[in-house]
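Protein chains in written order, with the working numbering: chain A, 27 to 561; chain B, 467 to 772; chain C, 51 to 337.
Hint data in this document are derived by calculation from the structure and do not stem from the laboratory.
All residues carry an ideal CB built from backbone N, CA and C; glycine is no exception.
Incorrect hints may have been included.
Said to hold, decoys possible - Looking from chain C toward chain B, a few residues come up when the C-beta cut is under 10 Å (computed):
id: 1; residue: P153
id: 2; residue: L156
id: 3; residue: D166
id: 4; residue: V187
id: 5; residue: G195
id: 6; residue: L196
id: 7; residue: Q197
id: 8; residue: S301
Claimed, not checked - Taking lysine to aspartate or glutamate and the DMTMM-like style, the derived pairs with C-alpha atoms no more than 20 Å apart in a straight line are:
id: 9; chain 1: B; residue 1: K550; chain 2: A; residue 2: E213
id: 10; chain 1: A; residue 1: K336; chain 2: A; residue 2: E235
id: 11; chain 1: A; residue 1: K541; chain 2: A; residue 2: D60
id: 12; chain 1: B; residue 1: K550; chain 2: A; residue 2: D60
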Amino acid sequence: MMHKGGKGMSTRRALALVVAAVFLLPLSAGAQADRPLVYAQNVAVTAMDTAGSTIGTVYPAGYEAMFLIYDNLVAFNDKMQIVPQLATEWSVSRDALTWTFRLRRGVTFHDGTPFDADAAVFHIQRQIDTATNRANRPLWDPISGVRKVDDLTIAISTQKPYGALLSTLAHGSGGVVSPTAVRRLGEGFARAPVGAGPYIVERLDTGTELVLRRNDNYWGGRPAYSRIILRHVPDPTTRIALLLSGQADVINLIPPENVAQLQGNPNVEVISRPALRTFGFAFNLNRRFFQDVRVRHAFNYAVNRGPVIKAIFKDFATPIDSPLSPFTAGYTPVNKWEYDLDRAKALMAEAGWRPGPDGVLRKDGQAFEITLLTPISMLPKDIEVTQAFQNFLRVIGVRATINRVEPAAFFDMVRVPPDRIQWDMVLFGFNPSNGDGAYHLTSLFESNPNRTGPPKVWNFTWYVNPKVDELLNQADVTVDQVKRNELLAQAARIIWNDAPYVWLYAENVIVAKRKEIKNVEVLPVIFTILRNARP
Amino acid sequence: MGLFALRRLLLLVPQTLGVATLIFLVFRWVPGDPALIAAGPSATQAQVEAIRRDLGLDQPLWVQYAVFLRGLSRGDLGTSLSLKQPVTRILRTRLGPSLVLMAASLALTIVLAIPSGVVAAVRPHGALAQAVMGVSILALSIPNFLVGMILMQYLAVRLGWLPAAGTGGLLYLVMPTLAVAARLVALVSRTTRASVIEVLNEDFVRTARAKGLAARTVLYRHALRPALVPILTMIGLQAGYLLGGSIVVETLFAYQGLGQAMITAVSLRDYFLVQGITLIYVAGFLLITLIMDLSYAAFDPRIRYA
Amino acid sequence: MRPSTPGSATRRRAGRLLRVPAIAAGLGLVAGFVLLGFFAPWIAPHDPTAQDLMAVLQPPSAAHWFGTDDLGRDLASRVIVAARADLTIVILGIGLSLAIAVPVGLIAGFIGGHTDRVLIGISDAALTFPSLVLAIVLVSLFGAGLQSVIVAVGLTTAPALARLIRSLVLTTVGADYIEAARAIGASPVRLIRRYILPNIGGRVIVYTTLMGSHAMLTVTALGFLGLGVQPPAAEWGNMLATTRTYLATASWLLLAPGGAIVLFIFGLNLLGDALRDIFDPRLLWRP
Numbered sequence: 027m028m029h030k031g032g033k034g035m036s037t038r039r040a041l042a043l044v045v046a047a048v049f050l051l052p053l054s055a056g057a058q059a060d061r062p063l064v065y066a067q068n069v070a071v072t073a074m075d076t077a078g079s080t081i082g083t084v085y086p087a088g089y090e091a092m093f094l095i096y097d098n099l100v101a102f103n104d105k106m107q108i109v110p111q112l113a114t115e116w117s118v119s120r121d122a123l124t125w126t127f128r129l130r131r132g133v134t135f136h137d138g139t140p141f142d143a144d145a146a147v148f149h150i151q152r153q154i155d156t157a158t159n160r161a162n163r164p165l166w167d168p169i170s171g172v173r174k175v176d177d178l179t180i181a182i183s184t185q186k187p188y189g190a191l192l193s194t195l196a197h198g199s200g201g202v203v204s205p206t207a208v209r210r211l212g213e214g215f216a217r218a219p220v221g222a223g224p225y226i227v228e229r230l231d232t233g234t235e236l237v238l239r240r241n242d243n244y245w246g247g248r249p250a251y252s253r254i255i256l257r258h259v260p261d262p263t264t265r266i267a268l269l270l271s272g273q274a275d276v277i278n279l280i281p282p283e284n285v286a287q288l289q290g291n292p293n294v295e296v297i298s299r300p301a302l303r304t305f306g307f308a309f310n311l312n313r314r315f316f317q318d319v320r321v322r323h324a325f326n327y328a329v330n331r332g333p334v335i336k337a338i339f340k341d342f343a344t345p346i347d348s349p350l351s352p353f354t355a356g357y358t359p360v361n362k363w364e365y366d367l368d369r370a371k372a373l374m375a376e377a378g379w380r381p382g383p384d385g386v387l388r389k390d391g392q393a394f395e396i397t398l399l400t401p402i403s404m405l406p407k408d409i410e411v412t413q414a415f416q417n418f419l420r421v422i423g424v425r426a427t428i429n430r431v432e433p434a435a436f437f438d439m440v441r442v443p444p445d446r447i448q449w450d451m452v453l454f455g456f457n458p459s460n461g462d463g464a465y466h467l468t469s470l471f472e473s474n475p476n477r478t479g480p481p482k483v484w485n486f487t488w489y490v491n492p493k494v495d496e497l498l499n500q501a502d503v504t505v506d507q508v509k510r511n512e513l514l515a516q517a518a519r520i521i522w523n524d525a526p527y528v529w530l531y532a533e534n535v536i537v538a539k540r541k542e543i544k545n546v547e548v549l550p551v552i553f554t555i556l557r558n559a560r561p
Numbered sequence: 467m468g469l470f471a472l473r474r475l476l477l478l479v480p481q482t483l484g485v486a487t488l489i490f491l492v493f494r495w496v497p498g499d500p501a502l503i504a505a506g507p508s509a510t511q512a513q514v515e516a517i518r519r520d521l522g523l524d525q526p527l528w529v530q531y532a533v534f535l536r537g538l539s540r541g542d543l544g545t546s547l548s549l550k551q552p553v554t555r556i557l558r559t560r561l562g563p564s565l566v567l568m569a570a571s572l573a574l575t576i577v578l579a580i581p582s583g584v585v586a587a588v589r590p591h592g593a594l595a596q597a598v599m600g601v602s603i604l605a606l607s608i609p610n611f612l613v614g615m616i617l618m619q620y621l622a623v624r625l626g627w628l629p630a631a632g633t634g635g636l637l638y639l640v641m642p643t644l645a646v647a648a649r650l651v652a653l654v655s656r657t658t659r660a661s662v663i664e665v666l667n668e669d670f671v672r673t674a675r676a677k678g679l680a681a682r683t684v685l686y687r688h689a690l691r692p693a694l695v696p697i698l699t700m701i702g703l704q705a706g707y708l709l710g711g712s713i714v715v716e717t718l719f720a721y722q723g724l725g726q727a728m729i730t731a732v733s734l735r736d737y738f739l740v741q742g743i744t745l746i747y748v749a750g751f752l753l754i755t756l757i758m759d760l761s762y763a764a765f766d767p768r769i770r771y772a
Numbered sequence: 051m052r053p054s055t056p057g058s059a060t061r062r063r064a065g066r067l068l069r070v071p072a073i074a075a076g077l078g079l080v081a082g083f084v085l086l087g088f089f090a091p092w093i094a095p096h097d098p099t100a101q102d103l104m105a106v107l108q109p110p111s112a113a114h115w116f117g118t119d120d121l122g123r124d125l126a127s128r129v130i131v132a133a134r135a136d137l138t139i140v141i142l143g144i145g146l147s148l149a150i151a152v153p154v155g156l157i158a159g160f161i162g163g164h165t166d167r168v169l170i171g172i173s174d175a176a177l178t179f180p181s182l183v184l185a186i187v188l189v190s191l192f193g194a195g196l197q198s199v200i201v202a203v204g205l206t207t208a209p210a211l212a213r214l215i216r217s218l219v220l221t222t223v224g225a226d227y228i229e230a231a232r233a234i235g236a237s238p239v240r241l242i243r244r245y246i247l248p249n250i251g252g253r254v255i256v257y258t259t260l261m262g263s264h265a266m267l268t269v270t271a272l273g274f275l276g277l278g279v280q281p282p283a284a285e286w287g288n289m290l291a292t293t294r295t296y297l298a299t300a301s302w303l304l305l306a307p308g309g310a311i312v313l314f315i316f317g318l319n320l321l322g323d324a325l326r327d328i329f330d331p332r333l334l335w336r337p
């Protein structure tokens, strides 16, 4: 009797265990799959329309969100090479003025609208049209038109041969939008965007977080996470605390001094990539004393970049030898500005500047006193770098005062007509977000159309060199990459020697993640791509 | 008591109104052009003017004031330029954590400071009395953000017991509360000690002892109530510190309360948000003062007729 | 019996009590810092602006007693020079506060009536702001920097000081000897100078000292928040802001500026407490 009871009980217990296992196992696996990916960003996502009207606050958070929500016609992989996405193949006409794209079959937007040539045409047209898209004009202006060839083919035409078309299509503003949603939502589209990408917008709590959910119908396969949450955490110490405690899976923008702390932790992995953003102090070339190229060269020789990178960036930056970063398309090394104090002083003397009794350089009774403009905590280590630069200038006898300004006002002070410039030098870093060197050089160094208004793009130094303009225009219309790069190299060489900047470094973009998360891509254009991430 | 309370409550309305007007005027004299800041760097002149019209900044001052008052009555304090949300929505989100921080600091103060002050008074040469007096002098000399950083260094960085910064559950509250409360505990424990000592020397206490009542009964039933008045006064006087100190500590710990929002708003020149937060702080201050006055009156009838 | 003028009894007490250790210590610390600030450029062991990018964030050593900061500058020297900045702000700020509060308090207390109500109304309006909130608002409007902080300190401490002076004047004015002096035709100015000021002077000094410690807390807090003196100029508050950035890797950055602030305020508190015991034991200071 007892024997039977014992066996019965053990069977029952075994049965109970099996039942429990059957219930619990999927729960745990389900819990695993249901656990969202939390990405803590330093800036908040505020608007996600590819046809944008604001820069500034959207960067880079907005773009990172957009790369999850939208698919582009073509995309960058993490080596900045162009790969197909919503376009499967493409070709260029012989006169290089028309590009034909074959579109992917069977793709639908999040709202069910089918993706076809009509949608693609709508998207491109919207980007080209200045009435609907005021941002990133240098990328879209060269395109003159787009038309449907058949249901799955479109043709994009350009006024002149446009070598960077693919980069433009792969840019953050190249995300393809659902025409139905745009027509329906109008202004509200920016906060409730509809694309064809792996993740769909579930909820935007502006300033706090963006919640995305999985697009089960994604053509590229079922995305790994049921949800991705992009959370706004402006303080780096907090981001690190969240990562260490497991409350965040990926965090961006880690200050170099905190990297050591993270590298020591076994649960966490640090990804550091040299970025495309190059930094330097720009000269206000409208000031007379900067118009002598010897002075500009002297300033470049006066800076010891190595210790700056080591001390301030803890080696998470690279000295640059070209206005372009080594990973930008079209980069070729030009030269290095070695630290040469004697040469710097000699050049200043040649230019007619002699040290006065207080050590400050003087010429014709005027002391060499300048102001350095820097934003506060907008660019990496901006204040420290500016102080270091001020010190280097002091050594050669230039007295520099630092004028610091809040991020909100910085661009206002920089992009003004020549007569309204209130600074002598300004710290600036430019990131060609389409990875293209021509875009970078043109934005900064193509001469401005007139001197009555603000700079056309980012040439706030008011640098003018007709030869550079000619080379850049030529490069714009050259489709052959080799020839194009050669033209860009020539332009870079001239610009480097004209020295409208004191060039410094390209900083590394430093991102960290929990060790177990895979396929987190960090692009040199500073964006962290989570499309393919999996637990 | 009821009449007094009613009078004070009614007084609150014109007080708040006056203060709101003051804040309105102060924020009219902002340097720079709010329309330009709101429009952003790449806006055309036409866009800036459009925004100026939208924000009502092209109207004469009295019209803007009327709009401001109307908005105030409806709970509309404008839109934050930096976060692109209604100011009231931001205030609502951020108010909670700040209130929790302040309440926790106050609670900690009462729980720690009053008992230790009482013990220090009853046993003036004991170890606790020495500790209270010694530590409190030190605590009053250390700014709260320095206390916070020392705590951060040991409890978060070195030992890893607590997260270094951020908002969230209880763990994120510990260090900010300690940082804010340190000064309060010092002041209140000293005041408690002084006040209890004074009451214990009063005639009526000596009478009670002479009557044969036990020391403890004397203490709790007779001495504490009058002793509470200066203690309450001291706590009330620290209301300003509680509000201001929480701003600095929140910023140090990236604790997402009103104070941290205010500092960020100041750095981004988001004047509507700064204005809104200032209004909340001042209104809160007035409210605390009111509560203090009412509880004062509850303890001391003479005040009601002042 | 020795004829006594108002204030002389206080002065005699003061003379005797100068030997109390608390006062000596407090005065010593405060005077020490003032001297440190005054002679800062000569005392500092290194040039406080000299950067050494090869030696950033060094822990304390023989060459640098408190280590170096994120740009390789000597922390000891910076702290000494920062003393000058912070003390200047506090002294000028409290000076501004007195310059406003003393006349306002005297006039309000002496003249009374409408003037008194108006002046008190204004100061009460300012008092509805918690002082740090008001300071932040003022600095945000005027822009960060030395002058703004001085004005902020002055304007946030003046209202309470004015009220105190007014109430002291009111209590003194009722005294018999004032009535007597008035009866014999003494002018208001003479009354103020000979009778009122010496009488309230002691308590005003106590209050000013305690306000000084409060002002230093405000100044360093504003500096820490980035609203005060801007780098590269050294100030204890902004040095602590740098400390926060590097806390995980270079915690010794706390020592120099933190220690300086604590010692100075401690000294000021000792002094203020002791002075209060002399002049007015019942005074509850109002922040």
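Regarding the hint that G195 (chain C) lies at the interface with chain B, is the smallest CB-CB distance below 10 Å?
G195 (chain C) check fails; min Cβ-Cβ to chain B is 13 Å, beyond 10 Å.
Given the hint that K336 (chain A) pairs with E235 (chain A), test it: the Cα-Cα distance must not exceed 20 Å.
Violated, at about 35 Å.
So if I understand the rule, the pair passes when the alpha-carbon distance is 20 Å or less; does K541 (chain A) with D60 (chain A) pass?
Status holds; Cα separation ~19 Å.
Going by Cβ atoms only, is P153 (chain C) closer than 10 Å to chain B?
For P153 (chain C), the interface hint is violated, since the closest Cβ of chain B sits about 22 Å away, which is over 10 Å.
With 10 Å as the cut and Cβ atoms as the points, is S301 (chain C) at the interface with chain B?
For S301 (chain C), the interface hint holds, since the closest Cβ of chain B sits about 5 Å away, which is under 10 Å.
Below or equal to 20 Å on CA atoms is what counts here, so check K550 (chain B) against D60 (chain A).
31 Å, violated
Does the interface hint hold: is V187 (chain C) within less than 10 Å of chain B, judged Cβ to Cβ?
Constraint on V187 (chain C) satisfied, holds at 6 Å.
Under the criterion of a CB-CB separation shorter than 10 Å, is L156 (chain C) in contact with chain B as hinted?
24 Å, violated
Taking only the CA atoms, is the gap from K550 (chain B) to E213 (chain A) under or equal to 20 Å?
14 Å, holds
Using Cβ atoms only, decide whether L196 (chain C) comes closer than 10 Å to chain B, and label the hint accordingly.
17 Å, violated
Can we keep the Q197 (chain C) interface hint, with Cβ of chain B closer than 10 Å?
14 Å, violated
May I ask you to test the interface hint for D166 (chain C) with respect to chain B, counting a Cβ-Cβ separation under 10 Å as satisfied?
17 Å, violated
Hint violations for this structure: numbers 1, 2, 3, 5, 6, 7, 10 and 12, all remaining hints satisfied.
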